[in-house]
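In the working numbering, each number is its position in the sequence shown, counted from 1, plus 20.
Don't read these hints as lab results, they were simulated from the structure.
Misleading hints may appear alongside valid ones.
Restricting the straight-line Cα-Cα distance to at most 27 Å, the calculated cross-link-like pairs of lysine-lysine (BS3-like) are [unchecked claim]:
(1) Lys-63 - Lys-52
(2) Lys-52 - Lys-62
(3) Lys-66 - Lys-86
(4) Lys-46 - Lys-62
(5) Lys-73 - Lys-86
(6) Lys-63 - Lys-73
(7) Lys-52 - Lys-66
(8) Lys-86 - Lys-63
(9) Lys-73 - Lys-62
Just the calculated beta-carbon pair ranges, DEER-fashion [said to hold, decoys possible]:
(10) Ala-53 - Val-83: 27 to 37 Å
(11) Asn-87 - Gly-27: 17 to 27 Å
(12) Arg-59 - Gly-30: 51 to 61 Å
(13) Gly-30 - Glu-78: 42 to 52 Å
(14) Ile-32 - Ala-81: 46 to 56 Å
(15) Lys-46 - Ile-76: 37 to 47 Å
Even for Gly, the Cβ is constructed at its ideal location relative to N, Cα and C.
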Amino acid sequence: MSLGAIGVPGLILILIIALVVFGPKKLPEIGKAAGETLREFKKSAKDITGDAKEEIDEAKAAVTDKNQ
Numbered sequence: 021m022s023l024g025a026i027g028v029p030g031l032i033l034i035l036i037i038a039l040v041v042f043g044p045k046k047l048p049e050i051g052k053a054a055g056e057t058l059r060e061f062k063k064s065a066k067d068i069t070g071d072a073k074e075e076i077d078e079a080k081a082a083v084t085d086k087n088q
């Protein structure tokens, strides 16, 4: 899913609707909160994939040690 699928006119329409619904004063706060949420999600995803890679490496090492 990429922004290319939405297109520029669709993105502009979404921004206009958000501006009407939330107003110009709330929009920056919502954007900041969304950015912080996305940053935290990416950090958590990296941590989870890092943990999974460590477990895989440990399992491979255990199998290698067992076979030798």
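Checked hints:
1. Lys-63 - Lys-52: holds (17 Å)
2. Lys-52 - Lys-62: Holds, at roughly 15 Å.
3. Lys-66 - Lys-86: Violated: Lys-66 and Lys-86 sit about 30 Å apart, past 27 Å.
4. Lys-46 - Lys-62: holds (25 Å)
5. Lys-73 - Lys-86: Holds: Lys-73 and Lys-86 sit about 20 Å apart, inside 27 Å.
6. Lys-63 - Lys-73: holds (15 Å)
7. Lys-52 - Lys-66: holds (21 Å)
8. Lys-86 - Lys-63: violated (35 Å)
9. Lys-73 - Lys-62: Holds. Lys-73 to Lys-62 sits at ~16 Å (cutoff 27 Å).
10. Ala-53 - Val-83: 27 to 37 Å: For Val-83 against Ala-53, whose Cβ atoms are near 45 Å apart, the range 27 to 37 Å is violated.
11. Asn-87 - Gly-27: 17 to 27 Å: Given about 55 Å between the Cβ atoms, the range is violated.
12. Arg-59 - Gly-30: 51 to 61 Å: violated (25 Å)
13. Gly-30 - Glu-78: 42 to 52 Å: Because 46 Å falls inside the window, the suggested range holds.
14. Ile-32 - Ala-81: 46 to 56 Å: At roughly 53 Å between Cβ atoms, Ala-81 and Ile-32 fall inside 46 to 56 Å, so the hint holds.
15. Lys-46 - Ile-76: 37 to 47 Å: 45 Å Cβ-Cβ, so the 37 to 47 Å window holds.
Hints 3, 8, 10, 11, 12 from the list above are not met by this structure, while the remaining hints are.
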